[in-house]
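Sequence order for the protein chains is A and B. Residue numbers for the first sequence follow my numbering, beginning at 7 and rising by one. Residue numbers for the second sequence follow my numbering, beginning at 262 and rising by one.
Any given hint might turn out to be false.
As the list claims (entries may be wrong) - Residues from chain B that face chain A, not an exhaustive set, calculated with beta carbons under 8 Å:
no.: 1; residue: ARG265
no.: 2; residue: LEU266
no.: 3; residue: ALA267
no.: 4; residue: GLY269
no.: 5; residue: VAL272
no.: 6; residue: ALA273
no.: 7; residue: ARG576
no.: 8; residue: GLU577
no.: 9; residue: ILE580
no.: 10; residue: ARG582
no.: 11; residue: MET584
no.: 12; residue: ALA586
no.: 13; residue: ARG587
no.: 14; residue: ALA654
no.: 15; residue: GLY672
no.: 16; residue: MET673
To be verified - Every beta carbon over 10 Å from chain B, so not counted as near; a handful from chain A, in silico:
no.: 17; residue: GLN40
no.: 18; residue: VAL44
no.: 19; residue: ALA147
no.: 20; residue: ARG168
no.: 21; residue: SER184
no.: 22; residue: GLU203
Claimed, not checked - Have a look at the derived ranges for each label pair, beta carbon to beta carbon:
no.: 23; chain 1: A; residue 1: ARG127; chain 2: B; residue 2: LEU659; range: 35 to 41 Å
no.: 24; chain 1: B; residue 1: VAL555; chain 2: A; residue 2: GLU71; range: 53 to 59 Å
no.: 25; chain 1: A; residue 1: SER184; chain 2: B; residue 2: VAL272; range: 29 to 35 Å
no.: 26; chain 1: B; residue 1: ARG575; chain 2: A; residue 2: ARG127; range: 28 to 34 Å
no.: 27; chain 1: A; residue 1: VAL158; chain 2: B; residue 2: ILE619; range: 28 to 34 Å
no.: 28; chain 1: B; residue 1: ASP387; chain 2: A; residue 2: ALA150; range: 57 to 63 Å
Derived by calculation from the structure, the hints in this document are not laboratory data. Backbone N, C-alpha and C define an ideal beta-carbon position, used for all residues, glycine too.
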Amino acid sequence: MTDDAPALSLRDVRFRWRGRAPFSLQIPEVIIAQGEKVLLLGDSGSGKSTLLSLVCGTVVAESGEVRVMGTDLSDLSSGRRDGFRAEHVGVIFQQFNLLPFASVLDNILLPLRFAPNRRTRAGATRETATDLCRALSLPSAIVAARAAELSVGQQQRVAVARALIGRPPLLIADEPTSALDAGSQTAFLDLLFEQVEAHAMTLLMVSHDARLSSRFDRVLHMDEIATVERQAA
Amino acid sequence: MILRLALGSLVARVVTVGMTVLAIAMSVALFLGVEKVRTGAKDSFADTISGTDLIVGARSGSVQLLLYSVFRIGNATNNVTWQSYEEIAARPEVDWIVPISLGDSHRQFRVMGTTAAFFDRYKYRDRRSLAMQDGVVMDDLFDAVIGSDVAATLGYSVGDPIVVAHGIASFVEHKDQPFRIAGVLEKTGTPVDRTVIVSMEAIEAIHVDWRNGARTPGEPTPVERIRQMDLTPKAVTAALVGVKSPLQTFALQRAINDYGQEPLLAVLPGVALQELWSIVGVAETALLAVSAMVVITALIGLMATIFSSLNERRREMAILRAMGARPRTILSLLVCEAVLTATAGAALGLALLYGGLIIAQPMVDSAFGLWLPIEAPSTRDIGMLASVVAAGAIVSLLPAIRAYRLSLADGMMVRQ
Chain A
7 MTDDAPALSL
17 RDVRFRWRGR
27 APFSLQIPEV
37 IIAQGEKVLL
47 LGDSGSGKST
57 LLSLVCGTVV
67 AESGEVRVMG
77 TDLSDLSSGR
87 RDGFRAEHVG
97 VIFQQFNLLP
107 FASVLDNILL
117 PLRFAPNRRT
127 RAGATRETAT
137 DLCRALSLPS
147 AIVAARAAEL
157 SVGQQQRVAV
167 ARALIGRPPL
177 LIADEPTSAL
187 DAGSQTAFLD
197 LLFEQVEAHA
207 MTLLMVSHDA
217 RLSSRFDRVL
227 HMDEIATVER
237 QAA
Chain B
262 MILRLALGSL
272 VARVVTVGMT
282 VLAIAMSVAL
292 FLGVEKVRTG
302 AKDSFADTIS
312 GTDLIVGARS
322 GSVQLLLYSV
332 FRIGNATNNV
342 TWQSYEEIAA
352 RPEVDWIVPI
362 SLGDSHRQFR
372 VMGTTAAFFD
382 RYKYRDRRSL
392 AMQDGVVMDD
402 LFDAVIGSDV
412 AATLGYSVGD
422 PIVVAHGIAS
432 FVEHKDQPFR
442 IAGVLEKTGT
452 PVDRTVIVSM
462 EAIEAIHVDW
472 RNGARTPGEP
482 TPVERIRQMD
492 LTPKAVTAAL
502 VGVKSPLQTF
512 ALQRAINDYG
522 QEPLLAVLPG
532 VALQELWSIV
542 GVAETALLAV
552 SAMVVITALI
562 GLMATIFSSL
572 NERRREMAIL
582 RAMGARPRTI
592 LSLLVCEAVL
602 TATAGAALGL
612 ALLYGGLIIA
622 QPMVDSAFGL
632 WLPIEAPSTR
642 DIGMLASVVA
652 AGAIVSLLPA
662 IRAYRLSLAD
672 GMMVRQ
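In isolation and in its complexed conformation, chain A is listed as follows (with noise of 0.2 Å):
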């Protein structure tokens, strides 16, 4: 891992995947400086979230290579790439982020668990997964709260100070916003800018939703930068 390397590079990757609808995904180059905040568009089987397991490490290239901050992920073990992905990438679902027999903290504490590293800068984890909470306009008081009570919009800030936790250098969102209504949208993104700015983090987001570009560096469209060959099962 260097200091200097792209916080994400594909290059001439090709993944296959056998299960009941075979497909196959082919990725010439793909390349997301640190820092920079990215928006990949593209509709559903368009093989968005094959591209993000592939960064995350949970799906293997048959070849090529997927480097995140420099790292080639297909050098790794699995567990290795477990590990990784746990003290690197910051990750935020569309919905259903939380366990919700589990309180808040435990909840944003929960990567810190998989990445000493990570423990080890977010310091005093409770003050701050408290401090996150408040910066994300959360109740501080929320931290001991479980997180089945939460609605939609909290738990997904709840989510978002979880991938924020030990400043992970790429940050990962799958849809967040798709769950919440159009206010908390703007909102919800508002926050989320300011912390990724502020914590100087590289930011890939997912999305169908095209009216969101003008907040972006830079706009990926899957269908440019992939191909997607699926064979009827």
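With chain A fixed as given, assemble chain B onto it according to the hints.
Chain B in isolation, oriented as in the chain A frame:
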């Protein structure tokens, strides 16, 4: 934290998990309860006679001698002559000797002739003595003392007349000598409860007018004349013997077994009881096997619960995976949950057992004469509880491995 997550996840599914815990608890309580009854029955059985060093009877098998002399099951093949009895009684090793004469019955209950010493010498359950519920030990020739079951079944109380039949299950009754109930014994949980006890002389008196199992013709001998007669017994069925020093037990046993005048047998009650239990004990093993099956069923229930929860928990696993958890962590999370569930089940089962024991102990004692001691779990019990927890971990491996595979395939995205 993994423990806290596992706990939180369990609490969130409190109803399903609670049912599983309850099923395990019930099965554990059943198993331990059966084990308790089993050891209790075995101890009660071993406690049927204590304080007696040797049982002497005509030569047969040791189990047979024990069965007819103590359990009043079956019949003696032969009697011991009064002469032999007196010779044994006179031996220097003998501290005390109590004769027993069997062969008559009252309704479905056996009649036993013995001496007043029987009430002092017969001991059961940790050297307890027989106690009178009502009345006194017989002192008249035609007095009888009855066990508590006899009194309860036939509705007898002190002062009631009682007619003794000759032979067992015979309708020929010794109508001419009406006995009177002098006392009723406390329940003991031993065959004494089902026995009518009279004096040795009374047994002789019943048979004054009988020769070779048939009534002598003519008028029955009047009671007054019987009272004048010499009623020294001609034979006894068996005798309970106490020795002066335990060291002499084997010497006396050998002497009796080698007795020249007639073939006799002396057995150590403990040894004979053990021999008998090894025959009876097959049933208890079967009972134990059945309750072990119930425990296995509950564990399969645990496995089924985990399996059925997997689908609704795929999202939870995807979150964990996204946070950097390895599939192995997910596997251990599920096993950890199963261990917690099984532990809760085992602990609750133990609590149920002791709760049940506290309630049932007096009832079981009075109804069956079975004493179930309330004491700390035995090493065997603890081993059983530990193996339930271990088995919980093992059965959870199957669904946990499936979860491992699912989370490997799903990654962070749940594919439905």
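Here's how the hints hold up against the structure:
no.	hint	verdict
1	ARG265	holds (7 Å)
2	LEU266	holds (6 Å)
3	ALA267	violated (10 Å)
4	GLY269	holds (4 Å)
5	VAL272	holds (6 Å)
6	ALA273	holds (3 Å)
7	ARG576	holds (5 Å)
8	GLU577	holds (6 Å)
9	ILE580	holds (6 Å)
10	ARG582	holds (6 Å)
11	MET584	holds (4 Å)
12	ALA586	holds (6 Å)
13	ARG587	holds (5 Å)
14	ALA654	violated (22 Å)
15	GLY672	holds (3 Å)
16	MET673	holds (6 Å)
17	GLN40	holds (21 Å)
18	VAL44	holds (19 Å)
19	ALA147	holds (19 Å)
20	ARG168	violated (8 Å)
21	SER184	holds (15 Å)
22	GLU203	holds (23 Å)
23	ARG127/A to LEU659/B: 35 to 41 Å	holds (39 Å)
24	VAL555/B to GLU71/A: 53 to 59 Å	holds (58 Å)
25	SER184/A to VAL272/B: 29 to 35 Å	holds (31 Å)
26	ARG575/B to ARG127/A: 28 to 34 Å	holds (31 Å)
27	VAL158/A to ILE619/B: 28 to 34 Å	violated (51 Å)
28	ASP387/B to ALA150/A: 57 to 63 Å	holds (58 Å)
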